[in-house]
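Put chain H with the ligand on the given structure of chain X with help from the hints.
As a plain string of letters, each chain reads:
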Amino acid sequence: MTAPKTLYDKIWDAHVITEDDDGTSLLYIDRHLVHEVTSPQAFEGLRDAGRKVHAPDKTIAVPDHNVPTTLDRAGGIISNEESRIQLEALDKNARDFGVHYYPVDDVRQGIVHIVGPEQGWTLPGMTVVCGDSHTATHGAFGALAHGIGTSEVEHVLATQTLIQQKSKNMKVEITGKLRPGVTAKDVTLAVIGATGTAGGTGYVIEYCGQVIRDMSMEGRMTVCNMAIEGGARAGLIAPDETTFEYVKGRPHAPKGAEWEMALEWWKTLFTDDDAHFDKVLVLKGEDIAPVVTWGTSPEDVLPITASVPAPEDFEGGKVDAAARSLEYMGLTAGTKLTDIPINTVFIGSCTNGRIEDLRAVAEIVKGKKVADGVRALIVPGSGLVRAQAEEEGLGEIFTEAGFEWRLAGCSMCLAMNDDQLAPGDRSASTSNRNFEGRQGKGGRTHLVSPVMAAAAAITGHLTDVREML
Amino acid sequence: MEKFEKITGVAAPMPLINIDTDMIIPKLFLKTIKRSGLGVHLFDEMRYNDDGSEKPDFVLNQPAYRNAEIIVAGDNFGCGSSREHAPWAIKDFGVKCVISTSFADIFFNNCFKNGILPIVLPQEQVDLLMKDAEKGANARMTVDLEAQEITTSDGEVVKFDVDAFKKQCLLEGLDDIGLTLKKADSIASYETMSASARPWV
Ligand code: SF4
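Protein sequences, first through last, are from chains X and H.
1 is the number of the first residue of the first sequence in my numbering; add one for each residue after it.
1001 is the number of the first residue of the second sequence in my numbering; add one for each residue after it.
Just chain H, same shape as in the assembly:
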């Protein structure tokens, strides 16, 4: 997995609440058996007309936000399905960090597995960052994972929390499976114990 340390980039404002996984990547695109190439379909129905042309009003179609690396979003971002295609599409588009007051549980986890940092902040601070994001391409925000700090284009600093283990994995680009396999002995002894305590499992 790619390491996440510090990014400085344009943040796209998406104040809509309950942005669900069907909006992020409609099921039409779930038929792929690959992880890559989904970025062009990110937010497909909001982003394109039926004839495939772009909807000029949609934030990521506006010149200022075409290269956004951060999304500042309304409450409950990523609700709905468990499809990892949602973070894959976000990542493939080039976004590495999403900021909101809340995230759906599975989506939140899926982000970390793909080198995306989801940041939860109180409403007030999300509002502040939303305003900053609305300023467009010249307003670049910095997200520093090591320091757990976001710096707005005006130099204002917002601190954020992140789970220590998840932070470490992102910073070092660690692969979960590799880490878990180091505990193979513990897994094996659990299995021995469980085979006698709950043999029907």
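Just chain X, with the same shape it has in the complex:
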């Protein structure tokens, strides 16, 4: 009998090409996603060395970070010269090297981590990489997915492989059920709050438990998306009927006999009983409240009912870090989180830019108005998400409530485009990073779930969404 394996072990083993004595392995990569920011130097490297893309059929390129999301972008208006150069570089590279490509004017364009699953490129049991840390998102399908640097992008382009050391196994189990108003975003933030941003370093996390089983694919993607914020190399969720249902019929999912063959294998992708985990965290679903971040690290998580902490509440290096965070965030210890006014709301990103997120937001804001003085953006994760939302009448609800209803892209998640916070602006954001300057120099970010962001947009301050249900 072979030793019991974790889901991670199984996917890893299925992709090892060669392994050296010290464990350094050459891993085969099934899908390589490419965007405009981390790829130009890699393609340049290929050209310089006279190399080709090894498997253009397994390589998918889509621009997202720099693209404007305003409705007039169809006219090709890209105000920033450097952004334009980067987008043009991707366009040229994608065409020259013959990879699958969704240009800005294609309705399927969107954030790379939303487009991959939507088009059926991401499938259970695959290895998926992208020059982007939030590649972890694809782990929701039971795919081993992680971010890589540009040198590795070049390596994958040239060889369709990656040189890797295996990580350790960590299990994060969320038992029971979530209470009303609590979402996948709160779960993933609560986990980071519990482990810290370095708690997952060196590990691949498998999320499991009843709460995860009950979650939609959208929710699971939200959870895995932020595995990287906990320091993990990747997040994983074992595929099940929910996964197969989502994948079936997608443009690049297998069909007919191949579908049956795939399904047979996918059903073996789970962690065996008694498999070994090097680290385990268990949280009760019932204990998780809607959460919000107060500082400049995703681990700075508190339930919305709490107050801003003081540096003295922490230990070690965190005391100074907290003091610095509070100063940057312009917050005073002891202030109730619900008393913090915001002037910007950003709903979107690869964490929360999917159709289910938008539906949840529409439920909260329907028939209401965005508070005076608040600028509120809703940016769908892809052109298809936008089209679906339009079809369901969500777009109208958003515009009537006073939201700016945009085209697909990363937008204010990282402010490489025109959507940015100004110094001192304070935002409730559904994105994944609250680092200093992340959403614009001097901008202050509070990470929240889509419904919490919607609630803040209506009241003009951080709000416990449960009061609006």
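What the hints contain is simulated information worked out from the structure, not anything from laboratory work.
Beta carbons: idealized from backbone N, C-alpha and C, even for Gly.
Keep in mind that the hints are not guaranteed to be accurate.
Reference excerpt, derived from the structure (chain X facing chain H, CB under 8 Å, subset only) [as the list claims (entries may be wrong)]: (1) Thr-18; (2) Asp-20; (3) Asp-132; (4) Ala-198; (5) Thr-201; (6) Arg-233; (7) His-276; (8) Phe-277; (9) Ser-297; (10) Ala-415; (11) Lys-441.
Here are the simulated distance ranges between beta carbons [as the list claims (entries may be wrong)]: (12) X/Glu-467 - H/Asp-1050: 35 to 43 Å; (13) H/Gln-1062 - X/Arg-324: 16 to 24 Å; (14) H/Glu-1005 - X/Lys-284: 47 to 55 Å.
Structure of chain H with the ligand alone, referenced to chain X:
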């Protein structure tokens, strides 16, 4: 890739924990399509005022540390994004070695691909090196990769671990792609096997 053998230089102390990639190189500078020229923007927001003038308090603006080749940093250095612009900026500035108790995974890997040596040490030893770094420009530290040893300005020796394969690549300045292409046959037979076992991939 440039070889890394042994360096002797000034170490800059940066005790702040969780120094993230947005601090190392703000996204503003990710729009380049080149690898070089990012050094002037390293730690941009900590290093410069809005008008472009230098913040005199920031460590790399202090005369003693302007030519630092080593950084001794707080826990979890390089967390955040996968942007290789972070190690490119560090390298372009002239830093070839970063020492901390822990590094974010992707950043750690990216360093090796760019001839930078990230060294993980226990807290106590990082504290010791931090103290040494605080002494300024006359306190030069030596990092010897071959021997896996750091020697402080007082002659104290700290041993460190490094992955054997990564060490070899740094010492010889080896290009990963070239190495992997030598295994083209193994890759091809994997692809043949996989095409029949998992034809939908
Ligand atoms: S939405 Fe944000 S986190 Fe996601 S890929 Fe874009 S910039 Fe990165």
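Comparing the hints with the structure gives:
no., hint, in the structure
1, Thr-18, "holds, 5 Å"
2, Asp-20, "holds, 7 Å"
3, Asp-132, "holds, 6 Å"
4, Ala-198, "holds, 4 Å"
5, Thr-201, "holds, 6 Å"
6, Arg-233, "holds, 5 Å"
7, His-276, "violated, 21 Å"
8, Phe-277, "violated, 18 Å"
9, Ser-297, "holds, 5 Å"
10, Ala-415, "holds, 7 Å"
11, Lys-441, "holds, 7 Å"
12, X/Glu-467 - H/Asp-1050: 35 to 43 Å, "holds, 40 Å"
13, H/Gln-1062 - X/Arg-324: 16 to 24 Å, "holds, 19 Å"
14, H/Glu-1005 - X/Lys-284: 47 to 55 Å, "holds, 53 Å"
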